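Chemist: Okay, here's what each chain looks like letter by letter:
Number of protein chains: 2
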Amino acid sequence: MKKNGRPSIPRKTVYRLSIYLRCLARLRENRINTVSSEALAKAAGVKPTQLRKDLAYFGTFGRRGLGYDVTDLSHMIANELGTSSLQPVILVGVGNLGLALASYRGFEKEGFEIIAAFDAAPDRKRDKELKQPILGMDRLAEFVHEQQVKMAILSVPAAVAQEVTNALVAAGITGLLNFSTVMLAVPEDVIVNNVNLAIELENLSYFIQN
Amino acid sequence: MKKNGRPSIPRKTVYRLSIYLRCLARLRENRINTVSSEALAKAAGVKPTQLRKDLAYFGTFGRRGLGYDVTDLSHMIANELGTSSLQPVILVGVGNLGLALASYRGFEKEGFEIIAAFDAAPDRKRDKELKQPILGMDRLAEFVHEQQVKMAILSVPAAVAQEVTNALVAAGITGLLNFSTVMLAVPEDVIVNNVNLAIELENLSYFIQN
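Those sequence lines, one after another, are chains A and B. Start counting the first sequence at 1379; every next residue gets the next number (the numbering used here). Start counting the second sequence at 1379; every next residue gets the next number (the numbering used here).
No wet-lab data here; the hints were simulated from the structure. One should not assume that every hint holds.
Stated by the list, open to error - Only pairs whose alpha carbons sit at most 20 angstroms apart, straight line, appear in this in silico EDC-like list of lysine to aspartate or glutamate:
id, chain 1, residue 1, chain 2, residue 2
1, A, K1528, B, E1578
2, B, K1420, A, E1566
3, A, K1420, A, E1407
4, A, K1506, B, E1507
To be verified - Covered stretches of chain B, going by a simulated chain A footprint (3 or more residues, C-beta under 8 angstroms):
id, region
5, 1404 to 1418
6, 1483 to 1496
No experiment lies behind these values; they were computed from the predicted model shown. Think of the CB as a built atom: it goes at the ideal place given N, C-alpha and C, for glycine as much as any other residue.
One chain only, chain A, in its complex shape (with noise of 0.2 angstroms):
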């Protein structure tokens, strides 16, 4: 898919790209500055012919008997992620997990800042107390707008998914990461992945059966 001018990667390499970068990582940690694909593919679980496909696609070559650069690679592939500078993110639907999603504290360390939170009852008692304001559905759009924030958490009932989904596209929501259970519905210019817990559960399911 080609997109506002981007190259036509396919989603698992920029997976794969979220990999390689957390395994540049721990090699930063360990203050070692090369590595050579063998031993960066082996630390991500893939081929090495698939590290060097993959980086080819962002024109990034390592040098023969030299390897990659850590610190380097780690820089372009952040910046091709879009997360070497913090992005603001809303969450609609604070309910159990909407909580908890917003108050993980996993995702700022990444590069992502939950800023708001949004909810049909944004007044109801809940068992802890955010650091975000929680708002009212009606607030969404001027906030979507002066924030200019363009990715949202979606931990709404099933029920109102695809409504809650329709007001977020309107108000300039390009990036959803689903957790409702529904398959969501969508023009072509917004990217939606899925977190279905229960999918995951019911996949492993089926392969530990005797």
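We have chain A; now place chain B onto it with these hints.
Modeler: Structure of chain B alone, referenced to chain A:
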């Protein structure tokens, strides 16, 4: 991968079975008794040829001109996925995310029950009460053995993820849903499904850039 005498089915096919099952559930709610492969494929967002190929792995073929019986096909798929009866699951690592997952009610509806949680500090004060017991890691092996648990949700910090995984595998767990950011090393007969929320966001981030 041929496991335990089961046919060798691609993991993606098994994921799609979960989606077909959800589409069929919606049809049943709407009291629709039969469905054509075209209509079911469309609801699931796949091509009809894909649907027919997926179901053929299990010896199920629609009757030409008649389509599939919605109830029969649901039962067949739930049976294959092993979700026709409630399956016990344990959760390991009761931090922020673990707490949310353990209290997430969506799992039971889908055939999974988190029957206990384990943590290195089981008695630590937490933001909310779980209905499940929180046990120390020293109780893990005995519990898994006695309750014949096969599946675990892993939500421990990255630094201890591999060590905890080794303990789970030694105890008899063969299916792991991994929320830690670590690529886990496991024996061949153990299945790991990774859910890395930061990687999902990064992936979106790549595709929404201008």
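Chemist: Determine for every hint whether it applies to the structure shown.
Modeler: Results for each hint:
For the suggested pair A:K1528 and B:E1578, the alpha carbons sit about 15 angstroms apart, so the restraint of at most 20 angstroms is met. Simply put, B:K1420 and A:E1566 have alpha-carbon atoms about 17 angstroms apart, close enough for the 20 angstroms limit, and the pair holds. Distance check on the hinted pair: A:K1420 and A:E1407 sit about 18 angstroms apart at the alpha-carbon level, within 20 angstroms; holds. Of the pairs offered as hints, the one joining A:K1506 and B:E1507 holds, with about 12 angstroms between alpha carbons and a cut-off of 20 angstroms not exceeded.
For the region 1404 to 1418 of chain B, the assignment as covered by chain A is violated, since 0 residues bring a beta-carbon within under 8 angstroms of that chain's beta-carbons and 3 are needed. Taking a C-beta to C-beta cut-off of 8 angstroms, the region 1483 to 1496 of chain B contributes 7 residues in contact with chain A, enough for the three needed, and the coverage statement holds.
Of the numbered hints stated above, the single one contradicted by the structure is hint 5.
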